[in-house]
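Sequences listed follow chains C and U, in order.
Under the numbering used here, the first residue of the first sequence is numbered 56, with each subsequent residue one higher.
Under the numbering used here, the first residue of the second sequence is numbered 13, with each subsequent residue one higher.
It is worth saying that the hints were derived from the structure and are not from the lab.
No residue lacks a Cβ here, since even glycine has one placed at the ideal position from N, Cα and C.
Warning: the hint list may mix true and false statements.
To be verified - Only some residues are given here: those of chain U computed to face chain C with a beta carbon under 8 angstroms:
1) GLU87
2) TRP140
3) LEU164
4) ILE167
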Amino acid sequence: MLKNPGAPVLDLPVSEHLGEHRMVLNMGPQHPATHGVLRLVVEIDGEVIVSVRPEIGYLHTGIEKTCEAKFYQQVVPLTDRINYLDPLSNNLCYCLAVEKLLGLEIPERAQWIRVLLTELSRINSHLIWLGTHAMDIGALTVFLYTFREREEILRLFEAVAGQRMMTSYFRIGGLAMEPPLGYFERIQAFIRTFPEKIDEYSNLLTGNPIFMNRLKGVGYLSAADAIALGVTGPPLRASGVDIDLRRDMPYSSYEKFQFQVPISTVGDTWARYEVRLVEMRESVKIIQQALDGMPGGPVKADAPKVVLPDREKMKTEMEALIHHFKIVTEGFAVPAGEVYQGMECGHGQMGYYVVSDGTAKPYRVHMRYPSFATLQALEVMCKGRLIADLVAVIGSIDIVLGEIDR
Amino acid sequence: MSQSPAPAPTQTFAGKEAVLQALPEHAAIQAILKWNSAALTDAKLAFGELTLTIDATQIRAACGAVQAAGYNFFEDMTAVDWFPGSPRFQLSYHILSHALKERIRLCALLDAPGPDSEPSIDSITPVWAGANFFEREVFDLFGIHFAGHPDLRRIMMPDDWKGHPLRKDYPVEGYR
């Protein structure tokens, strides 16, 4: 296993009968602090962790296999169910990959609304992380605060997509429909007060001695280990690696937005907490820019063979009716080829690898999800630490078992 | 590192010679050619993405070569089953460079003599430890073995599961 040279040394009394006090502890799959059905086989010596072995697969539903039996447009609702806390990021990444294969030009307004809602989705993901992470540590109040704001975000999703969590609002070629009247004003009202809400969370946690003691110096991960183990997103940036695909490999017109990418070089659980708090503030800035500069125009690409026609057109134009019938009954053929679309979701770098054989069903869809790779770093972060730190570290890497098991 | 102006993403170059001409100064191609030009069996530039097909027996060393050239981050790996085509399996490795802000895809083609045979390829975990779970997933769902992997067990399916669900001769629903 990898060494962890820069980790703060913990001065623990060494057991005199080393080896005799070792035991294997089975944590999960039904454990409140594992955020789902994660099972950890932990070997401990007294209270000190000797090794951690994650056992996953309890939530495996074979989504990649299911995709191969669906039309391209039918895969969109499946993607929601993978990372159910950041649904619009899933939709966006899949749509971008298929649009790349099709060579579709997406209207600017659709791209900006995608950015707007993906950032809202990122805040949603971070709010759940903050609430549950603080709850694991023992600060129960924060959970009630973050879920108050999350509820408002879910209402915003419901207003635009008709669904609170499984949105499927981004479609191949644009959006499902134009957002309802007064929708942007509702988002504006939400983000006007949201920075104050972040201050509230910060007031509850940042100066809290219990929270600080449980997090500072715990779960150290060096930049070299993070890169070697495929760690991405806030945990990678908290270890001092300055990479964010929104800025470095922009997609969906992210290059038109100004925002900072928070970095910390400390590399511990506390640094991950701080990085995510700043990320929420930066997301608010992006949403504000998107609202201020929202371009007009259509929200669907001009591709009648791929994008479902408007209801009005279907009632008046024969061709639109034919296209609608053909897309729904036999899908649309996608040119043969393979693409990989990466993007930055709330947890880190997500990626969709779509292989087409020229038919209306994807030949292979593979999803790279950040938690799957980040989970490999758990042992490096916990080895030689106390068992109680394990809960803090799991919370800080922000895992969703839906995206690990797929 | 000097970078030549990238060809438009709509352009497609298929074949080793065409790609070498289109991207004469590409860092990854240079690194592969310098390391072992015979191991690069095919190349493709499509949708703005570069695919380098590597001789399957050389994949670990090829990963080491691109890693030394600045492609420092292992992002993803998976397999594609081209059953009943031949060679049957395509392994795709997506490698990202933090410095160049660029991604490449390394491909290795593996043939399986019979429908139930389980081919083997070198594990790249000595180069990137983070490939561990990804290779276990491919082993579990495709039945491809990785020589030198530290812990090659099923990861998604139960340990006593028969068959490999993502193979094309495995049905989506119903009984086998």
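How the hints compare with the structure:
1. GLU87: 6 angstroms, holds
2. TRP140: 6 angstroms, holds
3. LEU164: Status violated, d = 14 angstroms.
4. ILE167: At about 6 angstroms, which falls below the 8 angstroms cut-off, the nearest Cβ of chain C leaves the hint on ILE167 (chain U) intact, so it holds.
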